[in-house]
Amino acid sequence: MRYAYYPGCSLHSTAFEYDLSMRAVLEKLGIEYEELRGWICCGTSPAHCSSKLLGVTLPIKNLAIAEEDGFRQMIVPCASCFSRLKIALHETSENPELKEKVEQVLNYAYQGSVEVRHPLDILYNEVGLERIRESVRENLSRMKVVCYYGCLLTRPPKAVNFDQCEYPMTMDNLLKGCGIEVLDWSYKTDCCGAGQALALTNIVVKLSRDILDNAKQVGAEAVAVACPLCHSNLDARQSEIEQTYKLSLNLPIFYFSQLIALAMGVDKNKIGLQGHLVNPFPLLKKIKSPSSPARPPSRG
Amino acid sequence: MDKVLTPETLKSDFIDKIAQESDQNVYLCYQCRKCAAGCPVTYETDYTPFQIIQGVIYGQRELVLNSKMIWLCTTCETCTTRCPQEIDIARVMDAARIIAQREGIKAKYPVVPAFFQTSLQNISWFGRLYEVGLIMMLKLRTKDFTKDMGLGIRMFLNRKLKLTPKPTALREVRRIFKKIKEIEETS
Chain W
19 MRYAYYPGCS LHSTAFEYDL SMRAVLEKLG IEYEELRGWI CCGTSPAHCS SKLLGVTLPI
79 KNLAIAEEDG FRQMIVPCAS CFSRLKIALH ETSENPELKE KVEQVLNYAY QGSVEVRHPL
139 DILYNEVGLE RIRESVRENL SRMKVVCYYG CLLTRPPKAV NFDQCEYPMT MDNLLKGCGI
199 EVLDWSYKTD CCGAGQALAL TNIVVKLSRD ILDNAKQVGA EAVAVACPLC HSNLDARQSE
259 IEQTYKLSLN LPIFYFSQLI ALAMGVDKNK IGLQGHLVNP FPLLKKIKSP SSPARPPSRG
Chain D
6 MDKVLTPETL KSDFIDKIAQ ESDQNVYLCY QCRKCAAGCP VTYETDYTPF QIIQGVIYGQ
66 RELVLNSKMI WLCTTCETCT TRCPQEIDIA RVMDAARIIA QREGIKAKYP VVPAFFQTSL
126 QNISWFGRLY EVGLIMMLKL RTKDFTKDMG LGIRMFLNRK LKLTPKPTAL REVRRIFKKI
186 KEIEETS
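Just so you know, the protein sequences line up as chains W and D, in that order. Letter by letter, the first sequence follows residues 19 to 318 in this note's numbering. Letter by letter, the second sequence follows residues 6 to 192 in this note's numbering.
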């Protein structure tokens with residue numbers, strides 16, 4: 019099976035580390051993929067908030083390219099692109115009139131032969147935990163992580179059809195399979211403010227504060243994410259959150275693919291960790307050093 | 006009592022427009038308010054998603070289109086996911102934003118539609134979202150030049166922002182935008 023790979027705009031810029039680490043993991047596992055030729059933006063929220071037809075046509079255009087090139091499955095790491103592609107497929111299947119308009123715009127009748135898949139789904143359901151466990155080379159068992167799925171990977175379930183919508187476990191199970199200590203917490207699928215980052219920043223700062231606060235409270239040392247918007251809200255805005263709410267967080271935010279790549283022994287300098295605004299290297303050093311105990315020593 | 010509230014007596018142009026844009030039947034709402042309970046921005050809003058749905062049912066065009074809610078909405082899809090009547094509430098919010106922008110209604114948070122329109126212009130010019138261009142265009146539109154300057158510089162230094170765009174499929178993207186505009190203007 020050869021997959022089409024749709025990076026989306028973010029993975030070519032603000033989320034370049036997601037792209038680097040995702041490719042590293044796919045290559046380690048021997049999964050064949052090819053970046054979709056001439057892909058365009060999925061339109062993200064600005065499109066579906068401004069025009070129903072545009073919000074559906076831009077995603078279908080990309081699927082049409084994949085179909086023309088003979089791909090049957092497309093890997094979509096960005097949660098926002100993933101959601102837009104899935105919702106566009108759902109809406110055109112429910113609404114023949116809309117589908118007809120899309121065909122009229124594109125001069126192409128999309129047959130629906132390309133399945134849209136998130137890499138978490140492929141790693142868990144195609145590759146399987148067994149093979150993931152076998153590929154682990156580094157011991158990350160001292161790292162305590164919470165998995166943050168955000169909104170768009172699981173919602174709305176009728177369109178995306180991925181894991182449990184209120185308490186998903188795919189990322190948790192994958193990272194556990196990599197030997198990482200994964201903690202339970204309450205904010206797995208709460209919203210970080212998403213695309214309001216540039217417009218209503220105070221909303222993002224408040225919602226992201228709640229998420230990071232809960233992560234800290236359950237004892238996490240880092241947060242794993244699967245969405246470029248979640249990453250930039252939790253990582254790049256973290257110092258603003260700390261200043262606004264007089265908090266000390268210092269929580270590195272990793273893409274799940276960076277953690278899997280680290281576990282598989284990929285060079286830590288080759289997965290874009292230096293791009294993070296919250297420096298993850300002190301934590302990586304701490305979990306390696308034999309002098310630091312896995313649990314704090316009990317007092318008294 | 007000479008007027009009974011039924012879908013017939015409640016009929017309004019506004020509900021028809023919302024129904025057309027969203028493909029949703031808001032009359033299905035049985036007022037459980039789960040959408041309001043799950044919405045992440047109710048702490049800041051004037052009306053909850055539930056009240057917006059009721060506003061649509063009662064033909065309260067001004068209340069809905071002038072609300073803070075439709076612009077605060079982060080499109081997180083929680084309301085849609087939890088609605089026991091399976092109303093796609095997030096699509097109703099989309100519909101209200103689409104109508105408000107089309108009819109040129111002054112938004113409670115003008116920066117939000119400014120962000121939408123700037124982003125779409127950016128996509129239609131470059132085929133893919135070009136972040137530095139988007140930030141500059143948004144600053145010109147909102148005249149807020151200092152916001153996030155420090156963050157932007159740090160992101161650039163960390164290689165997260167690229168100075169130059171990567172134009173892709175320009176003719177095809179422009180054709181798509183133009184064609185959609187034509188279709189929307191005639192319907």
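No lab work stands behind these hints, which were simulated from the structure alone. C-beta: ideal position from N, C-alpha, C; glycine also. Watch out, some of these pointers could steer you wrong.
To be verified - Under the rule of at most 25 Å between Cα atoms (straight-line distance), these lysine-lysine pairs were calculated in the PhoX-like manner:
1. D:171 / W:288
2. W:117 / D:39
3. W:264 / W:286
4. D:171 / W:117
As the list claims (entries may be wrong) - Chain W side only, calculated, beta carbon under 10 Å to chain D, not exhaustive:
5. 34
6. 67
7. 75
8. 123
9. 127
10. 129
11. 130
12. 131
13. 173
14. 292
Stated by the list, open to error - Estimated spans, in silico, between C-beta atoms of each pair:
15. W:288 / D:63: 32 to 42 Å
16. W:151 / D:17: 40 to 50 Å
17. D:89 / W:263: 13 to 23 Å
18. W:114 / D:176: 46 to 56 Å
19. D:151 / W:133: 24 to 34 Å
20. D:32 / W:202: 49 to 59 Å
21. D:191 / W:47: 45 to 55 Å
22. W:126 / D:67: 39 to 49 Å
23. W:304 / D:63: 54 to 64 Å
These are the hints, each one checked on the structure:
| no. | hint | result |
| --- | --- | --- |
| 1 | D:171 / W:288 | 23 Å, holds |
| 2 | W:117 / D:39 | 31 Å, violated |
| 3 | W:264 / W:286 | 32 Å, violated |
| 4 | D:171 / W:117 | 30 Å, violated |
| 5 | 34 | 6 Å, holds |
| 6 | 67 | 5 Å, holds |
| 7 | 75 | 6 Å, holds |
| 8 | 123 | 5 Å, holds |
| 9 | 127 | 16 Å, violated |
| 10 | 129 | 19 Å, violated |
| 11 | 130 | 19 Å, violated |
| 12 | 131 | 21 Å, violated |
| 13 | 173 | 4 Å, holds |
| 14 | 292 | 7 Å, holds |
| 15 | W:288 / D:63: 32 to 42 Å | 59 Å, violated |
| 16 | W:151 / D:17: 40 to 50 Å | 60 Å, violated |
| 17 | D:89 / W:263: 13 to 23 Å | 35 Å, violated |
| 18 | W:114 / D:176: 46 to 56 Å | 29 Å, violated |
| 19 | D:151 / W:133: 24 to 34 Å | 46 Å, violated |
| 20 | D:32 / W:202: 49 to 59 Å | 40 Å, violated |
| 21 | D:191 / W:47: 45 to 55 Å | 50 Å, holds |
| 22 | W:126 / D:67: 39 to 49 Å | 41 Å, holds |
| 23 | W:304 / D:63: 54 to 64 Å | 59 Å, holds |
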